[in-house]
Structures are given as structure tokens and as C-alpha cells.
Amino acid sequence: MAEKKIQLATVWLCGCAGCHMSLLDLDERLIELAKVADLTTSPIADVKAVPPVDLALVEGGVANDDNLRILKEFRRQATVLVALGDCAGFGCVPMMRNAFPTQDVLDRAYALTESTASGAVPQHDELPRLTDKVRPIHEHVKVDAHIPGCPPSADIIWYAIQELLAGRTPTFEGVPMSYT
Amino acid sequence: MAQKVTIEPVTRIEGHAKITLDLDDAGKVSDAKFHVVEFRGFEKFVEGRHFSEMPTITSRICGICPVSHHLAAAKAGDALIGAEPPRPATLLRRLMHKGQIIQSHALAFFHLSSPDLLIGWDADPARRNILGLVAEQPDVARRGIALRQFGQEIIQAVGGRKIHPDVCVPGGMSRALDPKQRDRLRTGIDEALEHADFGLGLIKTYFEQHAAEVDTFASFPSKYLSLVDSEGRFEVYDGLLRIVDENGTPLEAFWDTDDYLGLIGEVTEDWSYLKFPFYRPDGYPEGSYRVGPLARLNVAEDVPTPRAGAEWESWRRLASGRPVSASMYYHWARLIEVIFSLERAAELLDDPDILSTDLITTTDQVLDQGVGVIEAPRGTLIHHYWANPDGSVAKANLIVATGHNNYAMNQAILAVARQYVDGTNLQEGMLNRVEAAIRCYDPCLSCSTHAIGQMPMVVQLRGPDGTLLSTATRGVSRG
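So the sequence lines, in the order shown, correspond to chains V and G.
Yeah, the first sequence ends on 180 if you go by our numbering, and it's all consecutive.
Yeah, the second sequence ends on 1479 if you go by our numbering, and it's all consecutive.
Incorrect hints may appear among the rest.
Example chain V residues on the side facing chain G (calculated, C-beta under 8 Å, incomplete) [as the list claims (entries may be wrong)]: (1) C19; (2) M21; (3) A117; (4) V141.
These aren't lab readings, by the way, just hints derived from the structure by calculation.
The beta carbon of each residue, even a glycine, is placed where N, CA and C say it ideally should be.
Kindly produce the complete structure, drawing on both the sequences and the hints.
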């Protein structure tokens, strides 16, 4: 019987998907990855509920109550949880919204833009509520490592994944890529 | 008893969303809604930034088509300083844009949608993804990966990075193309064309074998909008807006992009963070229209490259010269556009000006507003900035490709849900087909939710009073 494969999960919260695109920039190394890892829950796969996983990569910060719920679910299920990229790591561009009152940001987008013929801020049970400020994930859960970059290059992601799968904390110029 | 099914998250799409289906007493679908559940607020938080920063800030709207936002922002910047970039800069921007269309379309078809066609609608969800494809159809996966990689390498060669390039500035480009890179890219075109032909072949074979399915899958008449050149031909970087009706008849003369506000309005619905654009004279929702690959091929009066042009001639025969209306044909159109982009990329790389260092036009003025419009992979993308005299952004308005398709995506899921979903015997594969209706449009919810961004799928069963009866999350339990 083959050795048990690494269980991998990925998610994007408040980000742009660029870190996931950089993950796909592994290109032919995706084929190597497929040999050692199963992709479980991920925006690019169809498993919807998060199973227990060895490694979870989280792109994006926390901008609404859904982001927070999903992040906590990932933390519960993952042995190692990684902040992938700068939005997860420290908020990055989406955090520019923190300089404005949330209601002003919503009003501009839905009611005040010049192309809006008739509009009001959407409000519905199916829609998550925005948090007042966008925050990096380590302010909400314990994070085991941070892979920096906007986005991190595929080479850095590949290096970090290999180190993490070997049970080591990846380092950059001798400094651990972690919060401790 | 009436119920509601929620599919959450919708997967193998680019962003965050969920779908809810209302079922009537007999278990039949009575309504369907596509909820985009993310909001970021770029239109507000760019206020106060200098307009020259906009190409790099707004590229962070979307990591899948960052080049599109980078270019639209740069074009709006050109307009703000009243500068026409030198020809070599425009060639480089066009080349980078071709790389973007190649990589984004390869991703949409091979990485995200082909598992439905090649692994199976009803296959184990755990296998229905790109790594599953690597295991089961390695040749297809390798070709898809190689094609996307080639598009990304064009972007890197021109823009310095594969994702979030930093090379466009108002008035032109900040960096020339390395001759070695030019040569390397030029030698890669033929192999990439083979992969694109292979992909189109896969689609044609599948469509031939499943004609009844693909021709009825989310097929509905609509209007179509895209850029065209001044003679009505296919054009993705710079042109005029053209909107046609369900018969392909133009509704307006060629429309100047600067005046898009006269053509397009938007409304909000309380159940989605994504706005609903419409053709103003017809109001909402009658004025809803579709954009993107299907729309571009339906609107164009010619596709001016040899191989893509020949494919487009065949495309026109699919519906006897009328617009092709079934949603699955978005995939077909996407591959024709990849072929077009590769042919155009070859022409651009062969142009001696592509290596020129005459890359920037400068002025000493800042006008009060500027509009930049391009055809992003998913459709028409509009950036409109108003500037203060010091160059800071006073206001910004963005209409993104996926947004234009919002109403159509809601029509598509309702059509497919009515056709395939039986509420008395709910199967995962039924729900996957509903998601696939969305995948046809390759929505980029990161973009559409510049204002917003996530797309999960959950099916909730709700009573007529809205009470949640049960939730069927698609997941690992199946099989």
C-alpha cells in the first residue's frame, strides 16, 4: 500500500486570488505535488467541507464574518496553518479600506457611483456582514508560518511547502518565516 | 413543502459566492439566485491616492487578470494627462494583454472547467480538479499547464512579474523588452498554438458527442456587448463599444468609450454584493446583456487573423449567422480567442518597434477626468477616474467584466436548475451542473467584488416563510 499522501487545503479570504495563481504557477511542479499530496478543500477543487488536513494555506485577510468563520474552521482542522502572501500576513491593499468609515465605503460602491441608476447597499441573510476593519489572520488565530509577497513567487511557495512538509519552519536569509 | 437548496461555496470559479435554489412543494425549482458574497471597496479607498499609483493599486483587484486592471488604469492615466503613448509602448501593452488572455482562458478551460467534461459531471468531487486531471488525463493536464505557463511568461517578459506587473505608467511603459526574451517567446508560439488547437479539438469532440446537452445547457437569448475596432472587427485593447440584440443587429452606432455612462447603468439587488449593469435605453432587467468571449465573437464582424479568423467563420455557422446563445459555447469561444491571441502575439513579436526604447509620452497637465476601457478576458472592463489638480484621485468608478454578466449568470443557473435538479432526489452531480453553468461565464469574483470577492456553494432548504429546514453542503461524504 502506498504511503499516505499529505492532505492539503487552501482557501482565499479577503484577497485577490493572486496567491492562488502563483500556486498554479508551480506549473509542471503541480504534477510533482499531485504525487505527494491530495488537494482537499480549495477554491480550485470541489470538496466543500474542510476535512482534517496536514497543511492549510490561507490567502487573504479577514474582512467579513464569513472570512472569520472559515478561518477558524481551517485552524481547527489544520495541523499547520500558513499565511500565504501579504493580505493574510499583514492585510496589504484591502486594508486601505480601514482609513474610511465602512458605511462610506459601502455607500460609494452601491449608491453613489456615477453609473448607478438606482442603488442601495445590499443587505440580506445570505450576505456576510463586513467587519469594521480588515485584519491579517494572525490577529484572529495562531499562524504557524508566513510566506511573504504580493504575491509570493511560485519558487518561494514551492520552497516553503517542502520545508513545512519536512516539519521545518522555512527561513528567509536566516530569519524564520513565522511570528515567533 | 417548499424548500431552499444552497450550494456553498461555488468552486472552480475565481472568487466567493453561493447559489440558493428555491424548491416548490413538488420539489421543482421555482427560483435560483447567485449571491456574490465579498466586498472590498476599491472605489472608495483609492480616493486621495495619486493617479499614477492606480495601475499597481488596482491590479490588486484581481490576481487572475491583474494585467487587465493594470492596463485599464494606465489607459485612464493616459487620458488624464492627455498623452498618447508612443507606438512601441502600445505594442508592448497589447503583447502583455495577449499573454493575459492566453493564461486566463487556459486556466478557465483546462484547470477549472475541463474536469467536468473529462472526469465527469457526476464523478467523485474529490477527483474533479486539476490534480485529479493530472492523475487521470496527464496529457491534457500537461498541455493546459504549458499553455497557461506560456501566457504567464509573456506577462513576465513584458511586465517584470507573472502576477501584478508594475510596468505600465500613464503615458506609456517604464521598461523595454529584452531582445533575448523576444526571441524566446517567439520560438514558443508554435507549440502553444498546438496546445490551443488540441484544447479546441477536445471541445469540438465533446460538443459533437453531447450535442443535445450543450445546445440546451443554459441557452437563452440576450443582448451582447464588446469593444470592436472602427470597422466592427474583433478588438480587445482599444476600440469602440458595440451592443447588439439577440439577432446580432446593432442597437447603437459605434459608441465612444468615454461616454459609457450614456450607454450603461447599474442597479443593486439586496441579495448580492455584485451590481447589475444594463443597457440604459431598455431599463433593468430588459436591458441586461452578456459580455466576454461568447459576446465578442457574436458582436464582431470579422476576426482579423488567419487561423482564428477561419475558426470564427465556422463559429458563425453554428447558429446560421445569428448569435450563439448557449452558455457552454463560452468555452469554445475562449479557445478561439487563445488562438487569436497567439497569432497576434507572433505579429507583435515580429514588429521591429517591439524592442524600441521610445516608451513614454509626457505632458505637464492633469485633466479633470479620464476613462480607460479594455476587453479583459471575461469582458468589457471600465476604469473612470476624476482627479484633483494635484493629481490625487477625487473619485473612481469601476465596472468590471464579470459584473456585466451578473443577470445572465442568474438566468443560466435558473435554466440549468430547472432542467437538472430534482428536489425529491437531490444528487451532488445535479448541483455540480448548476455550478458549471456559472463556470461557463468564468466569473472573476475578485474583480467583480472590487467592491467584493468569494464564491462558495451551499444548498439550503428553506420553507416558504424563509425558515431554514436543512443545508446540503457539497462535500467529502459522497461516494
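Give me the numbers of the hints this structure contradicts, sorted from smallest to largest.
-> When the structure is compared with the hints, only number 4 turns out to be violated.
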